[in-house]
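2 protein chains.
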Amino acid sequence: MELEAYLKKTADEVNSLLQSCYGDPKTALSQAANHLLFAGGKRLRPALFKLAADAVRPGSSKMIMPAGLSLEVTHNFTLIHDDIMDKDEYRRGQKTVHTLWGEPAAILAGDVLYARAFSLICQADAPESPKVRAIALLAKTCEDICEGQQQDMSFEEREDVSRDEYLEMVTKKTGVLYGSAAAIGVLLSQGTDSQVEALYNYGCKIGAAFQIQDDLIDLMASSEKSGKDQASDIREGKQTLIAITAREKGIDLKPWRRPLSKDEIASLISMLTEKGVISSVQNEAEQMITSAVEGLSVLQDTVEKHLLVELAWFFIRRDY
Amino acid sequence: MELEAYLKKTADEVNSLLQSCYGDPKTALSQAANHLLFAGGKRLRPALFKLAADAVRPGSSKMIMPAGLSLEVTHNFTLIHDDIMDKDEYRRGQKTVHTLWGEPAAILAGDVLYARAFSLICQADAPESPKVRAIALLAKTCEDICEGQQQDMSFEEREDVSRDEYLEMVTKKTGVLYGSAAAIGVLLSQGTDSQVEALYNYGCKIGAAFQIQDDLIDLMASSEKSGKDQASDIREGKQTLIAITAREKGIDLKPWRRPLSKDEIASLISMLTEKGVISSVQNEAEQMITSAVEGLSVLQDTVEKHLLVELAWFFIRRDY
Numbered sequence: 001m002e003l004e005a006y007l008k009k010t011a012d013e014v015n016s017l018l019q020s021c022y023g024d025p026k027t028a029l030s031q032a033a034n035h036l037l038f039a040g041g042k043r044l045r046p047a048l049f050k051l052a053a054d055a056v057r058p059g060s061s062k063m064i065m066p067a068g069l070s071l072e073v074t075h076n077f078t079l080i081h082d083d084i085m086d087k088d089e090y091r092r093g094q095k096t097v098h099t100l101w102g103e104p105a106a107i108l109a110g111d112v113l114y115a116r117a118f119s120l121i122c123q124a125d126a127p128e129s130p131k132v133r134a135i136a137l138l139a140k141t142c143e144d145i146c147e148g149q150q151q152d153m154s155f156e157e158r159e160d161v162s163r164d165e166y167l168e169m170v171t172k173k174t175g176v177l178y179g180s181a182a183a184i185g186v187l188l189s190q191g192t193d194s195q196v197e198a199l200y201n202y203g204c205k206i207g208a209a210f211q212i213q214d215d216l217i218d219l220m221a222s223s224e225k226s227g228k229d230q231a232s233d234i235r236e237g238k239q240t241l242i243a244i245t246a247r248e249k250g251i252d253l254k255p256w257r258r259p260l261s262k263d264e265i266a267s268l269i270s271m272l273t274e275k276g277v278i279s280s281v282q283n284e285a286e287q288m289i290t291s292a293v294e295g296l297s298v299l300q301d302t303v304e305k306h307l308l309v310e311l312a313w314f315f316i317r318r319d320y
Numbered sequence: 001m002e003l004e005a006y007l008k009k010t011a012d013e014v015n016s017l018l019q020s021c022y023g024d025p026k027t028a029l030s031q032a033a034n035h036l037l038f039a040g041g042k043r044l045r046p047a048l049f050k051l052a053a054d055a056v057r058p059g060s061s062k063m064i065m066p067a068g069l070s071l072e073v074t075h076n077f078t079l080i081h082d083d084i085m086d087k088d089e090y091r092r093g094q095k096t097v098h099t100l101w102g103e104p105a106a107i108l109a110g111d112v113l114y115a116r117a118f119s120l121i122c123q124a125d126a127p128e129s130p131k132v133r134a135i136a137l138l139a140k141t142c143e144d145i146c147e148g149q150q151q152d153m154s155f156e157e158r159e160d161v162s163r164d165e166y167l168e169m170v171t172k173k174t175g176v177l178y179g180s181a182a183a184i185g186v187l188l189s190q191g192t193d194s195q196v197e198a199l200y201n202y203g204c205k206i207g208a209a210f211q212i213q214d215d216l217i218d219l220m221a222s223s224e225k226s227g228k229d230q231a232s233d234i235r236e237g238k239q240t241l242i243a244i245t246a247r248e249k250g251i252d253l254k255p256w257r258r259p260l261s262k263d264e265i266a267s268l269i270s271m272l273t274e275k276g277v278i279s280s281v282q283n284e285a286e287q288m289i290t291s292a293v294e295g296l297s298v299l300q301d302t303v304e305k306h307l308l309v310e311l312a313w314f315f316i317r318r319d320y
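Chains as they are written, first to last, in the working numbering: chain A, 1 to 320; chain B, 1 to 320.
No lab work stands behind these hints: they were computed from the structure.
Careful, some of the hints might be misleading.
To be verified - DSSO-like mimics (lysine-lysine), calculated; alpha carbons at most 27 Å apart, straight line:
1) A:Lys87 <-> B:Lys87
2) B:Lys225 <-> A:Lys26
3) B:Lys238 <-> A:Lys26
4) B:Lys26 <-> A:Lys238
5) A:Lys140 <-> B:Lys26
6) A:Lys95 <-> B:Lys87
7) A:Lys87 <-> B:Lys95
8) A:Lys62 <-> B:Lys140
9) B:Lys238 <-> B:Lys249
10) B:Lys87 <-> B:Lys228
11) B:Lys225 <-> B:Lys87
12) A:Lys225 <-> A:Lys262
Quantities reported herein were computed from a predicted structural model and do not represent experimental measurements.
Excised from the complex, chain A in its bound form (with noise of 0.2 Å):
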């Protein structure tokens, strides 16, 4: 099967789960607490939790899909709570939760899918002991996300951050839940210790790349085709791995921190490609996908392994 199949049969199967498991919401809170998980989203992380888990023993991840379902509930409770402190207005097109139920619903909404995400591991039929495991990981990496986001914040108000700060910070904001999406798949299907751990780490690789390639398309896709504000990050000054290597080539990007129009982002782009700033971002992604599809030989060949490969080639290849 094909990976775009792959990930829209996945998609569809979770979001039935999903209504299934809190299609009927009783509360107001839990009205609040479904609007973002039911407004759609692409569902990598489950589409990663079943093609580990399968890589690792053929039909597992049926048994345990309430652990893949954590994982979407854990994005989904971050987002939340990241939109309050972004005061971002809208998220796959909706209006986000603290805009339509005010921030102390909105803190509350992100509360319960994080309370949810650990009662869905404790559903998986799989042994206790690797579930115990599989909770000891889902809550390190919920305090990793904590560090991130909070690193992120913390580069608004610097001009200096470094390269390697930039990747601890994206590894963290977005490569240990695909870690953990792929190491929780591998444990509950009684995986080896040491294909735990290469997923893992598979999976912090190709997240972290997924974000440097969000931040090249933040430049480099129009608004039309990604439906965002073209060069956002370039205005706002973000530190990206765009500006950091722009700044450790000697080039001053703040003179573009103003409205930009669409001759000057194109003209932005030519400069940054000559001087070979492009070209070296999308090296260091390139390179962690290599280095995440090599870990990969902990794995026999099975389909799910060559999905696992084309998904972490599509997390850099999409272009919005």
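The hints should help you fit chain B onto chain A, whose structure is shown.
Just chain B now, kept in the frame of chain A:
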């Protein structure tokens, strides 16, 4: 050992364990997460956890103390988020986390403690199966607490809150975490299912009664004694059991929603006492404690059982 000495000893133990777990914060976010946790507190939930554990299996609490900390950490996570929602500036005589670090960091600080709570349960030295049950109970409890806080906030816009709604709210907002503290102690010490259930109900009842006593203290205790603003609930028109009982008895408290002198508060208390409001509310709390204590019949006669009885009465006999 008397209850007071037991609570003092447990608080010291909890403070020292927290120090060894989190005493050396490496990041600004960890500092924010530690702030309230290290600002004291009575540590009643770990004390209840220990008593319940040792009541079913003497000496067992020592092995599972991380889970006792988990309940204190959970409590502190909810306080940090509640303080943001309620815009409170002080707690435990110190500035609140959001006042010192800002709301975004305070949301994250609460989220970090939330993660730590689940990490800590995983660290308890207990069989895996009850551990998973304990984690599932903690997750359910966190969801209940969120519902309770949401109900409490929604009551602010209502004048018609019923006795049952109030009791459901305080049970969720305050009771269930005491219920979990006791039940998780029993679970991890491998008590019977009927002991788990009885101790959960015991904790829910004494926790709800604790909240009712808080409402009584708000009205009856002088500011000198309680350190809080006397009769603030009445002035703010809060739907407490006192306000609900008064309404049931045809007493209109709306004229008292204004700054009140000491003499006015004294005559308000006299009036509510004469009309039987105070005794009715005290009665309700006493009945809850009586019922909670009756539930302890599932326990053998031990020092810990006696302390659990004392603890229950202490919850409504404290006067500040």
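Hints and how they fare:
no. : hint                  : verdict
1   : A:Lys87 <-> B:Lys87   : holds (18 Å)
2   : B:Lys225 <-> A:Lys26  : violated (42 Å)
3   : B:Lys238 <-> A:Lys26  : holds (25 Å)
4   : B:Lys26 <-> A:Lys238  : holds (25 Å)
5   : A:Lys140 <-> B:Lys26  : holds (15 Å)
6   : A:Lys95 <-> B:Lys87   : holds (24 Å)
7   : A:Lys87 <-> B:Lys95   : holds (24 Å)
8   : A:Lys62 <-> B:Lys140  : holds (24 Å)
9   : B:Lys238 <-> B:Lys249 : holds (17 Å)
10  : B:Lys87 <-> B:Lys228  : holds (16 Å)
11  : B:Lys225 <-> B:Lys87  : holds (24 Å)
12  : A:Lys225 <-> A:Lys262 : holds (14 Å)
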